[in-house]
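Protein chains: 2
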Amino acid sequence: MDNMKNRQVILKTRPIGAPKLTDFNLQITAKPSIAEGEVLLRSIYLSLDPYMRGRMSDAPSYAPPVALEDVMVGATVCQVEASNNEKFKLGDWVLAYSGWQDFSVSNGEDLLPLGRSPKTPSHALGIMGMPGFTAYMGLLDIAQPKSGETLVVAAATGAVGSVVGQIGKIKGCRVIAIAGGKEKCEYAKNVLGFDQCIDHKADDFAQQLIDACPDGIDIYYENVGGNVFDAVLPLLNTGARIPVCGLISQYNATQLPKGPDRLSLLMGTILVKRIKMQGFIIFDDYAHRYDEFAEQMTHWLKAGKIHYREHLVEGLENASDAFIGLLEGKNFGKLVIQVNNPL
Amino acid sequence: MDNMKNRQVILKTRPIGAPKLTDFNLQITAKPSIAEGEVLLRSIYLSLDPYMRGRMSDAPSYAPPVALEDVMVGATVCQVEASNNEKFKLGDWVLAYSGWQDFSVSNGEDLLPLGRSPKTPSHALGIMGMPGFTAYMGLLDIAQPKSGETLVVAAATGAVGSVVGQIGKIKGCRVIAIAGGKEKCEYAKNVLGFDQCIDHKADDFAQQLIDACPDGIDIYYENVGGNVFDAVLPLLNTGARIPVCGLISQYNATQLPKGPDRLSLLMGTILVKRIKMQGFIIFDDYAHRYDEFAEQMTHWLKAGKIHYREHLVEGLENASDAFIGLLEGKNFGKLVIQVNNPL
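Protein sequences, first through last, are from chains A and B. Per this note's numbering, the very first residue in the first sequence carries number 189; after that it's consecutive. Per this note's numbering, the very first residue in the second sequence carries number 189; after that it's consecutive.
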């Protein structure tokens, strides 16, 4: 990194279908300067998350899209490189939402302090941050698992799914994991401790799910949609709960699938089996419960009850490629870009 | 009625699509006799409800189907015509689930006493019974209406919808009703006090709904499905709630509609707008709250805050035809068959 420059990944064109490298552009601008009351942030870690695909489109959503030529948005863990704000000192670690770039400026109001020397600062983007909090509230508040219930979790080695499944085990559920490929499935069983893991790429995936759920499905934590949901739907038990957290398999879709139209089938299933489906946006719905989550998760981590895996990619210049891979399930663990070395 | 005979409406054939008169048969059997501990019940009122269509099919559902040649099931308000059970006296009124017939026998355990001379005994099948309770819990527990919100209720003059809308008004909602035909819409506005009523048979129904909901839809109480839900879906606000109580428009469907497949569209809407959809079966989910409901509803009725309309059809021999009409929306108010005169 040239310390006088600021590299920024901007949205160049809105993707049609899967994003391509040419939808992004890495531009070099001048390192920003700060006014009175402001701090200059040096990005150390950038979180890449599936929701960002939605920000690249201008379809109506819960948050406005990134404008063309604007810097891609995203959560970051930064260090204060210069400060004109008495609340922040050089070297302080903070959680920010400064996007895909080396440097940014803040008045301090949108920053969450992470201390002088946090042990694992990047965890604020994963297990202790949005993905971990999402897993926690979606499972515990919306699904309310009971001991002995069957919990199916897709993307089960990912940033959210891996935590959902492990909390499910803590709560006494039988956890059936779904992941892509043999390596992830072995990890899901042997490290994360899930009861079974099914490879969604297998030809007989739906049959394997039937075999793995002889008592049906009580909770399906929805992260993916598509053929996984299709296989889950007929197995749902009366009173099943479905927190709808993500639908990664359909983010790149350009049109609806061919018929028949199963909307009425889904509605009928919800009615007859009195199912609860609920979407949620973690900080909009649950910001007031973050402290409870942080305390509980810290406890579980210290007790060795939750394993957390990061997929670290070096260099902002690799962010676009890594993000494209994320939508294809190529990451293995929480995807984080190391943007710069710490101070 | 020949007082030595028992007329029974039995399920003769399972309907394909809409039920036909020939799917039912009125058979005459002997009036049953009672053993020690039993009571003989004389049906005065029989409730006809859309859920009965599900019982006529052998597709998996939350309750077993009526067997061929068996008496059609249904809630009834009866009088005790003879008793070998010390808890019940001749002439007592009870709520039973004795089905489409003149007489039945009970050991008393499945009966809810309604007293010696209830003022409006048939109300136990409607406003004070399953439909009223369904309206109450679905709206208040699942949807949790807030003052100023827009509530859309379909089948708005029906047994459930009319109560949903009126409770919505009590809670300060703007209530947009949907009903079939001018007469029902006038009643919905002028008697039930709803803010607007839209005729779902109108060619420009979807546009009328858009115009009626300038601030979007916060709660949609789902009773019908089909083209009403299609029009509601794009108008749902962030955080909308959808209690799924019934889907009368699709009960007679023999196959899924043509594509495209909008299942992913519905899932995506639930996610992006963080919508809660929840099916429920009233006595399975909420039996423990019946007393609360009964007390509140009695209060509202006495205070004139809830209007209740019954559609009374004379004669068990007309039940099949009335039920077929119910699925077509021909009833106007809670459909009840007067099976016999009171003792």
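Among the hints, a few may not be true.
If chains are identical, the list can't say which one is meant, so a pair holds when it fits in one copy or spans any two.
Below, simulated SDA-like cross-link-like pairs (lysine to any residue); rule was C-alpha separation at most 20 Å, straight line [to be verified]: (1) 461 with 243; (2) 377 with 389; (3) 219 with 267; (4) 493 with 379; (5) 446 with 418; (6) 377 with 501; (7) 446 with 414; (8) 389 with 512; (9) 219 with 359; (10) 461 with 248; (11) 490 with 216; (12) 357 with 274; (13) 461 with 253; (14) 357 with 226.
Just so you know, these hints were derived from the structure itself, not from any lab.
Right, here's what the structure says about each hint:
1. In this assembly of identical chains, residue 461 and residue 243 lie within 20 Å of each other by CA distance solely across copies; the values are 15 Å between and 35 Å within a copy.
2. Within a single copy, residue 377 and residue 389 get their C-alpha atoms as close as 17 Å, which meets the 20 Å cut-off; across copies the closest is 55 Å, which misses it.
3. For a Cα distance limit of 20 Å, the shortest separation of residue 219 from residue 267 inside one copy, 15 Å, qualifies, whereas the shortest one across copies, 87 Å, does not.
4. With identical chains, the CA atoms of residue 493 and residue 379 are at most 20 Å apart within one copy only, with a shortest distance of 11 Å there and 60 Å across copies.
5. Taking identical chains as interchangeable, the C-alpha atoms of residue 446 and residue 418 lie at most 20 Å apart whether they share a chain (14 Å) or sit on different chains (18 Å).
6. Taking the shortest alpha-carbon separations for residue 377 and residue 501, neither the intra-copy value of 25 Å nor the inter-copy value of 62 Å comes in at or below 20 Å.
7. Taking the shortest alpha-carbon separations for residue 446 and residue 414, both the intra-copy value of 13 Å and the inter-copy value of 19 Å come in at or below 20 Å.
8. For a Cα distance limit of 20 Å, the shortest separation of residue 389 from residue 512 inside one copy, 19 Å, qualifies, whereas the shortest one across copies, 47 Å, does not.
9. When the C-alpha separation of residue 219 and residue 359 is checked against a cutoff of 20 Å, the pair qualifies neither within a copy, at 49 Å, nor between copies, at 55 Å.
10. For the homomeric pair residue 461 and residue 248, the shortest alpha-carbon distance between copies (10 Å) is at most 20 Å, but the shortest distance inside one copy (31 Å) is not.
11. In this homomeric assembly, residue 490 and residue 216 never come within 20 Å of each other (Cα to Cα): the closest approach is 42 Å inside a single copy and 74 Å across copies.
12. With identical chains, the CA atoms of residue 357 and residue 274 are never at most 20 Å apart, being 45 Å at best within one copy and 53 Å at best between copies.
13. Taking identical chains as interchangeable, the C-alpha atoms of residue 461 and residue 253 lie at most 20 Å apart only when they sit on different chains, with a minimum of 15 Å there against 37 Å within one chain.
14. In the homo-oligomer, the alpha carbons of residue 357 and residue 226 never lie at most 20 Å apart, since the shortest distance is 45 Å inside one protomer and 50 Å across protomers.
Violated hints, in rising order: 6, 9, 11, 12 and 14; the structure is consistent with all others.
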